[in-house]
Amino acid sequence: MLQITNLHARVDDKSILRGINLSVKAGEVHAIMGPNGSGKSTLAGVLAGRDAYEVTDGSVTYKGQDLLELDPEERAREGLFLAFQYPVEIPGVNNAYFLKAALNAVRTHRGQPELDAMEFMALVKDKAKLLDMDSGLLSRPVNEGFSGGEKKRNEIFQMAVLEPTLCVLDETDSGLDIDALRIVAEGVNALRSPDRAVIVVTHYQRLLNYIVPDFVHVLSEGRIIKSGGKELALELEDKGYGWIEADGAAVARG
Amino acid sequence: MAVAEAHDLYRARFDALAARREATDPIWLAPIRARAMQRFVALGFPTTRHEEWRFTNIAPIAATAFAEPSITAVDRSTIAPFDVRGMSCTRLVFVNGHFSEALSSAGALGAGVRATNLATVLAVDPGLVDPYITRCASDEDQALVALNTAFAHDGAVIHVPARTVVPDPIHVIYLSTTSGAPTVSHPRTTIVVGDQSQVKIIESYGGPDGEVYFTNAVTEVVGGAGSHVEHVRVQRESLSAYHVANTQVRLDRAAVYAQHSFVFGGALARNDIGAWLGAEGIHCTLNGLYLASGTRLVDTHTAIDHAKPHCESHEVYKGMLDGASRGVFNGKIFVRLDAQKTDAKQTNKVLLLSDDATINTKPQLEIFADDVKCTHGATVGQLDETQLFYLRARGIGEAQARAMLVHAFASEVIDHVSLEPLRDSLESTLLTLLPKAALIG
Ligand SMILES: Nc1ncnc2c1ncn2[C@@H]1O[C@H](COP(=O)(O)OP(=O)(O)OP(=O)(O)O)[C@@H](O)[C@H]1O
Ligand SMILES: [Mg+2]
Chain A
0 MLQITNLHAR
10 VDDKSILRGI
20 NLSVKAGEVH
30 AIMGPNGSGK
40 STLAGVLAGR
50 DAYEVTDGSV
60 TYKGQDLLEL
70 DPEERAREGL
80 FLAFQYPVEI
90 PGVNNAYFLK
100 AALNAVRTHR
110 GQPELDAMEF
120 MALVKDKAKL
130 LDMDSGLLSR
140 PVNEGFSGGE
150 KKRNEIFQMA
160 VLEPTLCVLD
170 ETDSGLDIDA
180 LRIVAEGVNA
190 LRSPDRAVIV
200 VTHYQRLLNY
210 IVPDFVHVLS
220 EGRIIKSGGK
230 ELALELEDKG
240 YGWIEADGAA
250 VARG
Chain B
0 MAVAEAHDLY
10 RARFDALAAR
20 REATDPIWLA
30 PIRARAMQRF
40 VALGFPTTRH
50 EEWRFTNIAP
60 IAATAFAEPS
70 ITAVDRSTIA
80 PFDVRGMSCT
90 RLVFVNGHFS
100 EALSSAGALG
110 AGVRATNLAT
120 VLAVDPGLVD
130 PYITRCASDE
140 DQALVALNTA
150 FAHDGAVIHV
160 PARTVVPDPI
170 HVIYLSTTSG
180 APTVSHPRTT
190 IVVGDQSQVK
200 IIESYGGPDG
210 EVYFTNAVTE
220 VVGGAGSHVE
230 HVRVQRESLS
240 AYHVANTQVR
250 LDRAAVYAQH
260 SFVFGGALAR
270 NDIGAWLGAE
280 GIHCTLNGLY
290 LASGTRLVDT
300 HTAIDHAKPH
310 CESHEVYKGM
320 LDGASRGVFN
330 GKIFVRLDAQ
340 KTDAKQTNKV
350 LLLSDDATIN
360 TKPQLEIFAD
370 DVKCTHGATV
380 GQLDETQLFY
390 LRARGIGEAQ
400 ARAMLVHAFA
410 SEVIDHVSLE
420 PLRDSLESTL
430 LTLLPKAALI
440 G
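Chains A and B supply the protein sequences, listed in that same order.
Take the first sequence: its position 35, counting from 1, is numbered 34 in numbering that gives the first Met the number 0, and each next residue is one higher.
Take the second sequence: its position 375, counting from 1, is numbered 374 in numbering that gives the first Met the number 0, and each next residue is one higher.
For reference, chain B alone in the conformation it holds in the complex (with noise of 0.2 Å):
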């Protein structure tokens, strides 16, 4: 399918779905729609030649015709390789983009506290989102959003009023799944948090291996002052799906917001990561692990922006890539001229584990006041062959030791998780994705 005929076939979808829409989206929605539509149209799917997407052809997705879902629920056993056991939670499933109820399960919330799906909230109770869809990711200049926001029609909403400590953790599973026929769907997100409240939030999305699938995802995150946000991504599509996401970030004074990224599935995969620090105080972490292998492409884009003084980023990424797979990383740290007395730190290792695999890294911090502090380090390399000495002078085999100092670089992410259930599942896949694995454990 050429590139035109992939603009046509979503605006036809579009201009199909209208009637539809007009029954079930409020009143504010349609022009928001119909504007994205337009920046879809006008941007086109990236190609190669913007700087944004220099490394990561996603002509694939373009090419391709993914069909509307038609599956909408799936048995418990579809979900279980991506729920986490053990972990007491309210969960949120949803499956190819539509809310599943009977799949999705209350835990302790607190009081006021909304844990609920788009669709239902844009047919009862529209005021509580309408203050913030789209104000955080924005459809202006970026086209997958852009689509998202045309045809988002479900997924989760997580309102916790100001002053509210959410006792269980909130997982929301985004599985895909199809009879054969490549779909897509566009899973849209809503975080909402409100002054000095605290929440726990973990997206999953997952589809069973083998199938083509394409997910186009959008996260928005509103984190009041002084709330206090660790917000977990875990990404294990099928190896063979497409998988877009971007996530957004607002933080208010003395937010502070830890995400951990994991990016284990894919055939592409691309994360838009961004966080506006837009008030004093706020320390904000970004910290993602990737794994590729194959022929799989892997690519993570962050942006931190410093717009006020005296506030702290810290963020490590860390990639492996085996086999012939890429990887992509580039860290955007913007310091403006208000924001003195920023401390920002980026970190990024990439371990490459074959001769095949490559990897584009690059730190980009922009700086325009004067008294920061800001550092960076990226490190691209094989294992350290002084630790793989010192381990085998012990008596531990040279596959072992290898096994162990290559679980050892991806498990530090893992230990940051504060959820010890979701750090044992974390841990569990990543030994099913590691080389020799079986030497450890």
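Just chain A, with the same shape it has in the complex (with noise of 0.2 Å):
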């Protein structure tokens, strides 16, 4: 499903990714995890489409396609979504109104009829109930004043409207309470499909209990250092970074 080779993307003057591999298939779920700065909402934001990062070198393939070739919005329609680690807060934009026309959009691109406010309000009320969402949240801007743990979950509410294929959640799980990690993680669990694939970028092994990864990633630098099972992830709980980091300045220096 999603093919990343030897990417390497900079903002400004400053190189962050310095040679991302990665090979997603549908079915998987990836954890990808690193220390503070390491390139992980970067590597997020390239492939949503963010602007700020220029791609200095490599590639990046989604179904086939070149995905860096992309807007934001044609990658979203393709089904790519991005649960963003600080959610945009847009004062003036009702929540509704926004997900109805995302919801539109996409369903338009994939050749099905738009909804109209009847039947968009029905699922609307079925995915919140899902993600145990106050409905109130809906009516108000988009995020706008929501709490830190409403923002996260109010991402996963999009999420599950408008199911996406390939789903990246940077940091889903700070900010939620111990009921709202599960539901959240419920919610993620509940997508989970043979055609679907989940990267899931967190710092703590907590939400890889709920969300079990099929594979673990380490970041660092701008680079994947190592790659393991879910026992990896364990593995950092216990150790901390350093151990490989080692290890990998090691590599580096061949």
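For the record, the hints were derived by calculation from the structure and aren't laboratory data.
Glycine included, every Cβ here is placed at the ideal spot set by N, Cα and C.
Treat the hints with care, as some may be off.
[As the list claims (entries may be wrong)] Partner residues are not named here, just some residues of chain B that face chain A (Cβ under 8 Å, in silico):
1) H49
2) F388
3) E397
4) A407
5) S410
Got two chains here, each in a separate frame; can you build the complex from them with the hints?
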């Protein structure tokens, strides 16, 4: 589904991603871990099409297409979804109105008819229940004044409504209380299917107890320096990053 | 027409009116008018050499020989675009500055409330306006206010006695229309709200698109102790028209006054808005939204004068400029020595939708008291890139995402208006003016 090859990206003059290789197949869950500032959100942003990042080398193929050629909205319509680490507040734009516009844009792209207001509300009520989300949040401006946890829940709620094929979750667990973490994880799991894939960026093993990954990757200084199975996350929780980074540096020096 | 000739034109017209004025004006008004005419001639049309008019050149107004309008009646359909659908209200309609009884209609007013017109009041009950006219808006150093005082012969007079809640809003519509040649009107609005009384008033200014005329409006508002006034101004003049308006508000103890000003029209539009907070415990809100495109110029000058302690003022002005339009915003806040515990907040945001649009914006805080809270913030810029990306990352196309954000920026001001039918009307006007509005809705 997703093939990242030798991806290099920079912001202004600072190179941040320095040769990422990652292959994600349908049905898989990949966890990406790594120290602060290692480039995890940058990778997520490059995948979603944020133009602050300049790709200087490498390629990304998504469902057989050159992902980097697509506008952000085209990527979203093709089923790529980024749950933001820092969801953006948009005063004056109603949450339900925004989501309806998004859903209908995606549906139109898929050749499905647009939903009318009634159909949309029915769908949204369903999904809100799934995520135990206060429906009052729907009539408020997008993320404005939402608590940290409400913002994260709103991201997964949007994901549940849009039903993407590749979900990239950037630290969706941070800021969630224990119950919310479980509910959000269940929301993600409800979407899991043989033709969907999930990339979870997280600092903590806890989320991975709920969303069990097939692969765990460690990103450090813009490179994946170690990959393994779900037990790698447990090991990291135990030992931190120091030991791999030392190894990685040794590898990099050759 | 040279400027000197313009003065001569108004002077001659003033003299020619003298005989008629003698028949219609109460005695006390004659010296006020004479003095106003003198002040106008002495001050002359402001030029860009005046500090307050630095960025706004009204030479086109001075250079045009605006005639006295000949049309004083129109049919209902001409008014329709400026009316508010579905709003039960008292409606006072003026056509080229003349009251139109036929187009006006009564709503629920309450006992003792007067919603009438100046010409009638001057003829039959001049005592109603005597204590107020020129008391808020000074002719002393405002040439265009003086010109209005010299010539105004009609306009809305709203008088709410003490302890009265006016059930229906009062909608004053000033319509201008010409038969080709440019004309001028000088509408004069007097609003007096008694102690503990409540009223909602809308002033609408408008005219058919393409017509050239000059509206020189003055509005005086007196808000009594503990009164609640919501005052909405909707300016939807022809895009070829000139609109200069001066609104002066005087508030008494614990009065709550909220003004929402919408500037949608006019080739050249200048709004001066002043609020005098002359007693304790007043809450004054001045909000506004102005839109300009093409080569239009929209200038807003506000001045909030905190003279006494424990008053609050809130001001949010938003401007949206497209094409090669120009915006000017000047927000003065005075906090006088006596005005301790003042809480004043001013926010001014401008969205530039094109590279050729320009804005001159300036907060001007003059604070003489030491125990006060005064904040101001001004932003000028384009749409927020992170918001734009967020919308696009959910599948919304770039053009639609832009339209949504532009609309959100403007509609925030509309949201503060309490009357729902008016909000709907403002919203639909907004949608006709925004670029790519078809993508939202
Ligand atoms: N717009 C920007 N301008 C300058 N530097 C940037 C910008 N965006 C990211 N960076 C830098 O790139 C590096 C990687 O940032 P990124 O957000 O991808 O890290 P991260 O791995 O997601 O970290 P965290 O775990 O703290 O979320 C950091 O050093 C960050 O400061
Ligand atoms: Mg991050």
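B/S410 as chain A interface residue, shortest Cβ-Cβ below 8 Å:
Holds: closest Cβ of chain A sits about 6 Å from B/S410, inside 8 Å.
When the least beta-carbon distance from B/F388 to chain A is tested against 8 Å, hint result:
holds (6 Å)
Quick check on B/H49 please, does its C-beta sit within 8 Å of some C-beta on chain A?
violated (37 Å)
The hint names B/A407 as touching chain A; please verify it with the least Cβ-Cβ distance against 8 Å.
Since chain A brings a Cβ to about 3 Å from B/A407, closer than 8 Å, the hint holds.
Are B/E397 and chain A close enough, Cβ to Cβ, to be under 8 Å, as the hint says?
holds (7 Å)
Hint check: a violation occurs at hint 1 only; the rest are consistent with the structure.
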